[in-house]
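**Student:** Residue strings, one per chain:
Protein chains: 2
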Amino acid sequence: MKILISNDDGIGSEGIYALAQELKKIGEVIVVAPLHEQSAVGHAITMKLPLRVTKYMKNNEFFGYAVDGTPADCVKMGVRNILMENPDIVVSGINHGSNTATNVIYSGTVSAAREAAIMDIPAIAISVTSHDANEFEYAARVAAHFCKVIAEKGLKKGTLLNINVPNKPESEIKGIVLTKQGHSKWDDVYEKRVDPYGKDYYWLTGTLLPIDKEPVYDQHAIENDYVSITPIHFDLTDNETYDEMAAWDISGQAIG
Amino acid sequence: MKILISNDDGIGSEGIYALAQELKKIGEVIVVAPLHEQSAVGHAITMKLPLRVTKYMKNNEFFGYAVDGTPADCVKMGVRNILMENPDIVVSGINHGSNTATNVIYSGTVSAAREAAIMDIPAIAISVTSHDANEFEYAARVAAHFCKVIAEKGLKKGTLLNINVPNKPESEIKGIVLTKQGHSKWDDVYEKRVDPYGKDYYWLTGTLLPIDKEPVYDQHAIENDYVSITPIHFDLTDNETYDEMAAWDISGQAIG
Numbered sequence: 002m003k004i005l006i007s008n009d010d011g012i013g014s015e016g017i018y019a020l021a022q023e024l025k026k027i028g029e030v031i032v033v034a035p036l037h038e039q040s041a042v043g044h045a046i047t048m049k050l051p052l053r054v055t056k057y058m059k060n061n062e063f064f065g066y067a068v069d070g071t072p073a074d075c076v077k078m079g080v081r082n083i084l085m086e087n088p089d090i091v092v093s094g095i096n097h098g099s100n101t102a103t104n105v106i107y108s109g110t111v112s113a114a115r116e117a118a119i120m121d122i123p124a125i126a127i128s129v130t131s132h133d134a135n136e137f138e139y140a141a142r143v144a145a146h147f148c149k150v151i152a153e154k155g156l157k158k159g160t161l162l163n164i165n166v167p168n169k170p171e172s173e174i175k176g177i178v179l180t181k182q183g184h185s186k187w188d189d190v191y192e193k194r195v196d197p198y199g200k201d202y203y204w205l206t207g208t209l210l211p212i213d214k215e216p217v218y219d220q221h222a223i224e225n226d227y228v229s230i231t232p233i234h235f236d237l238t239d240n241e242t243y244d245e246m247a248a249w250d251i252s253g254q255a256i257g
Numbered sequence: 002m003k004i005l006i007s008n009d010d011g012i013g014s015e016g017i018y019a020l021a022q023e024l025k026k027i028g029e030v031i032v033v034a035p036l037h038e039q040s041a042v043g044h045a046i047t048m049k050l051p052l053r054v055t056k057y058m059k060n061n062e063f064f065g066y067a068v069d070g071t072p073a074d075c076v077k078m079g080v081r082n083i084l085m086e087n088p089d090i091v092v093s094g095i096n097h098g099s100n101t102a103t104n105v106i107y108s109g110t111v112s113a114a115r116e117a118a119i120m121d122i123p124a125i126a127i128s129v130t131s132h133d134a135n136e137f138e139y140a141a142r143v144a145a146h147f148c149k150v151i152a153e154k155g156l157k158k159g160t161l162l163n164i165n166v167p168n169k170p171e172s173e174i175k176g177i178v179l180t181k182q183g184h185s186k187w188d189d190v191y192e193k194r195v196d197p198y199g200k201d202y203y204w205l206t207g208t209l210l211p212i213d214k215e216p217v218y219d220q221h222a223i224e225n226d227y228v229s230i231t232p233i234h235f236d237l238t239d240n241e242t243y244d245e246m247a248a249w250d251i252s253g254q255a256i257g
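Protein chains in written order, with the numbering used here: chain A, 2 to 257; chain B, 2 to 257.
Derived by calculation from the structure, the hints in this document are not laboratory data.
Treat the hints with care, as some may be off.
Because identical chains cannot be distinguished in the list, a pair is counted as satisfied if it fits within a single copy or across any two copies.
Only pairs whose alpha carbons sit at most 35 Å apart, straight line, appear in this in silico DSBU-like list of lysine-lysine [said to hold, decoys possible]: (1) 49 / 186; (2) 26 / 56; (3) 26 / 193; (4) 193 / 154; (5) 26 / 214; (6) 214 / 200; (7) 26 / 158; (8) 59 / 200; (9) 3 / 25; (10) 3 / 154; (11) 214 / 49; (12) 200 / 157; (13) 193 / 25; (14) 149 / 56; (15) 193 / 3; (16) 49 / 169; (17) 193 / 175; (18) 175 / 56; (19) 59 / 26; (20) 214 / 175; (21) 193 / 158; (22) 214 / 25; (23) 157 / 193; (24) 214 / 59; (25) 193 / 56; (26) 175 / 149; (27) 193 / 59; (28) 175 / 200; (29) 56 / 186; (30) 200 / 149.
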């Protein structure tokens, strides 16, 4: 199995290292990841600037290719210019921090996997639910397990699995549940500060609102010590509203 | 009607100016847009850097607030720190270039409107289908029209309308159609070049593959001289795969 690995925390992060070490047990691993941290870049791609690729060493050994761009750039570059062919699967992570609910929209980690899905390559995004996570070994084994499950069962083109693992010892994790993207979102606050030259600046902070109470949602699952697995795609059509709007008769309306 | 306007081409672009001029006829307009061009930044938000807000003048008059961040930042900042309350609607555009099919994923313009949808504010993203567009007057009227339609009929929380207008004279536009997000995607190519110091760099190029042949899809509609209107949301759950995976019995699987 040929496995392309990327992330958004950067090629030097602990999570991607743990992931690569584990996945090497089940296949050929190629790491193509951002040179610099790219959290919350969403599905940004670099079109107005050139990209450079450098070889990245870890513990005096070649670890992978660093790209001075976004997670989605890394997957495009990895497939088109480094592998020169589709890998069997793309795995993005292990992210330091959860990617549930509306965070899925902001996440660079999920976007790397989604870029693979756009390229018709099966993909997994995997995150541990703390920015201070220091235990990636179980999450890495979860990723390896689902690589094998996907190899056996297949995954619909255009779909990826978004996996979130509680930041707990394996013994405290209650199980794995199939989930849907939740509705929790940030109550944003901009902290106003003054720079050393007397000018105002603003820094985004906020708290995640606990909206979903049902176990079917990803955020609820991780808060209750379950690993959540959500199949996601990139078709944003709101079919319910589409059906409702059919009654609006937009085609017949004159534009004033 | 209080209308917050943003875009991804930057506050100095022609599209946002045409939009603001038209929407001033139907409501109170507040422009909060990126200081610099932010095309293809997707749903990036700025968390690791501070943001600054400056007043932007056009034709010797105050035009709006410029934020040195992304389109999604501008909407958050506009609502939380400038308006200090929800506007009645957020309109993002007029984008120079189409935002159909998989481009919806990469688009900063759509992401600004999607950020509004996350905040439970009705929103419209509007684009003219050419990067060299020089005619925004009709598209601006289309945007104003659908602001009024949404004010009258409402829009489900979490949903926005993604509107694409062919870059043609109004007389050549055949009508307005309700569409779904299409499947056309980019066949990516990285052009390899050498810098003045002998080092390689890569520049993303590519062609949009014409995949959808059915009039129901946005890309097909604009290629056939129709304005396309696609309702989109930010729930990425792939419900079809969710139902299939129920048979995988993931909860019972041991992680090796």
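**Student:** For every hint, state whether the structure bears it out.
**Tutor:** Evaluated hints:
no.	hint	verdict
1	49 / 186	both (31 Å within a copy, 19 Å between copies)
2	26 / 56	within (22 Å within a copy, 56 Å between copies)
3	26 / 193	between (49 Å within a copy, 34 Å between copies)
4	193 / 154	neither (51 Å within a copy, 38 Å between copies)
5	26 / 214	neither (38 Å within a copy, 44 Å between copies)
6	214 / 200	neither (43 Å within a copy, 54 Å between copies)
7	26 / 158	within (26 Å within a copy, 46 Å between copies)
8	59 / 200	between (41 Å within a copy, 23 Å between copies)
9	3 / 25	within (10 Å within a copy, 56 Å between copies)
10	3 / 154	within (17 Å within a copy, 51 Å between copies)
11	214 / 49	between (43 Å within a copy, 31 Å between copies)
12	200 / 157	neither (52 Å within a copy, 40 Å between copies)
13	193 / 25	between (46 Å within a copy, 30 Å between copies)
14	149 / 56	within (28 Å within a copy, 55 Å between copies)
15	193 / 3	between (48 Å within a copy, 25 Å between copies)
16	49 / 169	between (42 Å within a copy, 26 Å between copies)
17	193 / 175	neither (42 Å within a copy, 49 Å between copies)
18	175 / 56	neither (40 Å within a copy, 53 Å between copies)
19	59 / 26	within (18 Å within a copy, 60 Å between copies)
20	214 / 175	within (18 Å within a copy, 47 Å between copies)
21	193 / 158	between (45 Å within a copy, 30 Å between copies)
22	214 / 25	neither (38 Å within a copy, 42 Å between copies)
23	157 / 193	between (46 Å within a copy, 33 Å between copies)
24	214 / 59	neither (43 Å within a copy, 49 Å between copies)
25	193 / 56	between (40 Å within a copy, 17 Å between copies)
26	175 / 149	within (22 Å within a copy, 50 Å between copies)
27	193 / 59	between (40 Å within a copy, 27 Å between copies)
28	175 / 200	neither (50 Å within a copy, 51 Å between copies)
29	56 / 186	between (38 Å within a copy, 29 Å between copies)
30	200 / 149	neither (54 Å within a copy, 39 Å between copies)
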